[in-house]
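Colleague: Listed below, chain by chain, are the residues.
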Amino acid sequence: MKYFKFLRFDLREGILKKYKSYLALACLILIAFLDIQTKAEAVGNKLTLGEYMFCIYGGIKRYVPTMGDPFKAPYLWLLNHLLILYFTLNYTPTDLNGFGQQTIYRSGGRLTWWFSKCSWQIIASVMYYAVSWLCLGALSALNGISPSLEITPTVFIYVPPGSGVVPFDRLNLASELLLLPLLTTVSLGMLQLTLSIIIKPQVAYIASAAILIMSSHTQSPLLLGNYAMAVRSDRIITEGMNASAGIVSMIALSVICAALGALKFRKYDILCKEE
Amino acid sequence: MAIIFKEVTKVIGNSVVIDNVDIIIPSNQITGFKGINGSGKTMLMRLIAGLIYPTTGTVSIDGKVLGKDITFPPSIGVMLENPAFLNGYTGYENLCLLADIKSEIDSDRIKEVLNIVGLTENMNKKYRKYSLGMKQRLGIAAAIMEKPDIVLLDEPTNSLDESGVEMVKKIVKAEKERGATVVMSCHDGEILDELADEVIEIKNGKIAGRYFPHESER
Numbered sequence: 001m002k003y004f005k006f007l008r009f010d011l012r013e014g015i016l017k018k019y020k021s022y023l024a025l026a027c028l029i030l031i032a033f034l035d036i037q038t039k040a041e042a043v044g045n046k047l048t049l050g051e052y053m054f055c056i057y058g059g060i061k062r063y064v065p066t067m068g069d070p071f072k073a074p075y076l077w078l079l080n081h082l083l084i085l086y087f088t089l090n091y092t093p094t095d096l097n098g099f100g101q102q103t104i105y106r107s108g109g110r111l112t113w114w115f116s117k118c119s120w121q122i123i124a125s126v127m128y129y130a131v132s133w134l135c136l137g138a139l140s141a142l143n144g145i146s147p148s149l150e151i152t153p154t155v156f157i158y159v160p161p162g163s164g165v166v167p168f169d170r171l172n173l174a175s176e177l178l179l180l181p182l183l184t185t186v187s188l189g190m191l192q193l194t195l196s197i198i199i200k201p202q203v204a205y206i207a208s209a210a211i212l213i214m215s216s217h218t219q220s221p222l223l224l225g226n227y228a229m230a231v232r233s234d235r236i237i238t239e240g241m242n243a244s245a246g247i248v249s250m251i252a253l254s255v256i257c258a259a260l261g262a263l264k265f266r267k268y269d270i271l272c273k274e275e
Numbered sequence: 276m277a278i279i280f281k282e283v284t285k286v287i288g289n290s291v292v293i294d295n296v297d298i299i300i301p302s303n304q305i306t307g308f309k310g311i312n313g314s315g316k317t318m319l320m321r322l323i324a325g326l327i328y329p330t331t332g333t334v335s336i337d338g339k340v341l342g343k344d345i346t347f348p349p350s351i352g353v354m355l356e357n358p359a360f361l362n363g364y365t366g367y368e369n370l371c372l373l374a375d376i377k378s379e380i381d382s383d384r385i386k387e388v389l390n391i392v393g394l395t396e397n398m399n400k401k402y403r404k405y406s407l408g409m410k411q412r413l414g415i416a417a418a419i420m421e422k423p424d425i426v427l428l429d430e431p432t433n434s435l436d437e438s439g440v441e442m443v444k445k446i447v448k449a450e451k452e453r454g455a456t457v458v459m460s461c462h463d464g465e466i467l468d469e470l471a472d473e474v475i476e477i478k479n480g481k482i483a484g485r486y487f488p489h490e491s492e493r
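In order, the protein sequence lines correspond to chains C and L. Under the numbering used here, the first sequence has 20 at position 20, and the numbering climbs by one with no breaks. Take the position in the second sequence, starting the count at 1, then add 275; the result is the number in the numbering used here.
These are computed hints drawn from the structure, not numbers from a lab. Even for Gly, the Cβ is constructed at its ideal location relative to N, Cα and C. Some hints could be false.
Said to hold, decoys possible - Stretches of chain L that chain C covers, calculated by requiring three or more beta carbons in the stretch to come under 8 Å of a beta carbon on chain C:
#1 339-353
#2 370-381
#3 475-482
Just need the whole structure built from these sequences, with the hints factored in.
Modeller: Put into structure tokens, the structure is as follows:
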């Protein structure tokens, strides 16, 4: 019962009251959409909603170091994840240093508070994606864009896949474009949440950012960001990442982080910042 | 509710903030912690509240060891130094949010306690507009509103004017009369000597002395 009271509080304070951050993300999506639309219209291409999403959440082709082909970071892809992780970085530590100190002892248990924060982290990430998707859906409807999540090889003009492309005419990438980017943000958010109480929020954010940047540079199943790049999916390239493996890895990471955080938080010193 | 510290040491980072402390705080007594800033008073408060646990030794509440048998004392009200509330809510709303967790008291009791601390006129003002003294009063209200068995007040007279200090004295006496075990810290020895049944002096995380200010009256 107390868990639901905490969760209700977290949803109100950590989501509803943070509406400005949702607007900021919607602005990013709007700018990205207009940029892609301008480029597509310049060459007379009509992209589907799925192809717009591919340009935003697709990431970047596997990087193979070669002369004259320097590494280019997938700025839009990175920005989407980093913004959401940044927006969810300080809520929990701030609560623990402030008002949370008055609520936690009233609850009678530490884990109620912790699992409420884990739930909030997941729900907040889902809400950020929901806002992005709603924004993209609305922009597509307003511009007469097909709501299909299918992509055609035309989209590779904007997000080149590199070598070893699996031939296809049309491909529905619903899980790669919707589920995997969301799960990546959720699992890195859970990692960040746990690290922020074990070490420091700033260190936790740097760790999440490092994983994302390293993922864009190096294709490896150990770097979870790879699963969030649709252009590196095994449905697009022959030596690509498998969606099912990504889903299992990310759920496992989230569960491990929640469990480790719970273990740590049972004996955690709840102090003020100055202490 | 009796509180017993048994050979308690607390290390945070590389510093020993509480050093092998033994304290017995009897039930329904006012106990004062006296010491300069950084002496360890607030850490002792946090140990009683269950917000931190000893590195070695035990803190027990009515025989139940914190961090082992119980996570937090079952009935406690805490006002730590510089209490934190939500800026976007009024004083009344902040207390309602806290009261909602245990659901033990109603809005009438919240209004009553706001009246006790002298905040009735400002109860509908946003917390961000509160003066330091008003914030302190709200912190005290939060600590006593649920009529807990243990009341912890860390520097309750900070930022308060003379009338505020008198209000604190009245509240502390009333809490004892109600049957609560009151633990308060203060750097002002006079206030402690007036209110406390026992004063424990803390220096560098150790007990530097203890006395009973009203012993001669017994």
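Colleague: With reference to the structure, classify each hint as holding or not holding.
Modeller: Hints, verified against the model:
Taking a C-beta to C-beta cut-off of 8 Å, the segment 339-353 of chain L contributes 7 residues in contact with chain C, enough for the three needed, and the coverage statement holds. Coverage of the segment 370-381 of chain L by chain C holds in this model, with 5 residues showing a Cβ closer than 8 Å to a Cβ of that chain against a need of three. Note: the segment 475-482 of chain L has 0 residues with beta-carbon separation from chain C under 8 Å; the three-residue rule is not met and the coverage is violated.
Hint check: a violation occurs at hint 3 only; the rest are consistent with the structure.
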